Amino acid sequence: MLPDRATGLAIEVGAVSKRFGPTVALEQIDLSVPPGQFVSVVGPSGCGKTTLLRLIAGLTATDSGTITVGRGGPRAAQRARQLGFVPQSPGLLPWRTVRANARLLTDVGRRHSGLSPAAVDELLEQVGLADFRHAYPHELSGGMQQRVALVRAFALDAPVLLMDEPFAALDEITRAEMRYLLVRLCEERDATVVFVTHSIAEAVMLADRVIVMTGRPGRIEADMAIPLSRPRHPEQEETSEFFALLTALRRSLRVGAQR
1 MLPDRATGLA IEVGAVSKRF GPTVALEQID LSVPPGQFVS VVGPSGCGKT TLLRLIAGLT
61 ATDSGTITVG RGGPRAAQRA RQLGFVPQSP GLLPWRTVRA NARLLTDVGR RHSGLSPAAV
121 DELLEQVGLA DFRHAYPHEL SGGMQQRVAL VRAFALDAPV LLMDEPFAAL DEITRAEMRY
181 LLVRLCEERD ATVVFVTHSI AEAVMLADRV IVMTGRPGRI EADMAIPLSR PRHPEQEETS
241 EFFALLTALR RSLRVGAQR
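The opening position of the sequence shown corresponds to residue 1 in the numbering used here, with each subsequent residue numbered one higher.
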């Protein structure tokens with residue numbers, strides 16, 4: 001039942017704190033993400049961005065506060081296969097082909113969930129991997145491997161996607177190609193996305209909102225709306241509106257890093 005457009009939020013984080021031993025990673029985080037919205041999260045290294053994502057995904061437990069995804073907790077959403085998670089590394093199984101890796105999360109024993117095999121093949125074609133369906137990960141470039149990881153997440157057909165710097169290891173040209181591929185896939189499917197990145201330009205070009213976090217302990221310094229029109233396209237990166245947003249975001253990051 002995710003996302004509930006009529007009555008609820010896709011994601012709501014309320015007064016969440018998390019510590020690891022003596023280290024306070026997150027302190028009193030409040031964040032609401034409506035269904036269908038793309039939210040980028042930026043901040044200095046070690047500010048708790050990945051920890052926040054793992055809490056929303058149900059991979060780590062909170063120390064205090066609450067998190068709901070749809071009408072229940074993260075673990076319930078996880079069990080219902082309503083959450084897709086894309087880590088920094090593609091995490092492809094080397095003994096499985098591109099097609100088999102793309103279907104990894106949808107083929108569970110003898111059951112099938114998410115998109116049909118034919119729909120997954122169509123996604124592979126959309127991202128330019130149709131001719132590589134039978135290839136193995138070692139035969140692919142880094143960008144191609146990350147495309148497989150994206151298809152695997154979208155194949156789950158989960159309404160909520162959580163992405164932890166999935167393009168960090170790519171060169172700048174490939175990274176730009178990947179972000180516009182992601183923009184297109186998300187806009188076509190109206191997905192709800194929380195996307196962690198260190199790239200300011202990437203955060204602005206992808207998101208409807210950018211959340212700026214402070215240095216440790218991580219708190220929310222700013223919540224900036226990104227009013228760029230959709231569909232997003234590369235030419236927008238050359239506009240004065242884009243540069244103004246970059247300037248404002250850099251200013252917030254400087255303030256947040258000093259706290």
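These are calculated hints, taken from the structure and not from any lab test.
The structure displayed is predicted, hence computed values, not measured ones.
Misleading hints may appear alongside valid ones.
[To be verified] With beta-carbon atoms standing in for the labels, derived distance ranges:
hint : residue 1 : residue 2 : range
1    : F20       : R75       : 18 to 26 Å
2    : R133      : T239      : 17 to 25 Å
3    : A61       : S141      : 33 to 41 Å
Cβ coordinates follow ideal geometry from the N, Cα and C atoms, glycine included.
Holds or violated: 33 to 41 Å for the Cβ distance of A61 and S141?
holds, 37 Å
Is the distance from the Cβ of R133 to the Cβ of T239 consistent with 17 to 25 Å?
Violated: the Cβ-Cβ distance is about 38 Å, outside 17 to 25 Å.
F20 and R75, beta-carbon distance inside 18 to 26 Å?
The hint (18 to 26 Å, Cβ to Cβ) holds, given that F20 and R75 are roughly 20 Å apart.
The structure does not agree with numbered hint 2 stated previously, though it agrees with all others.
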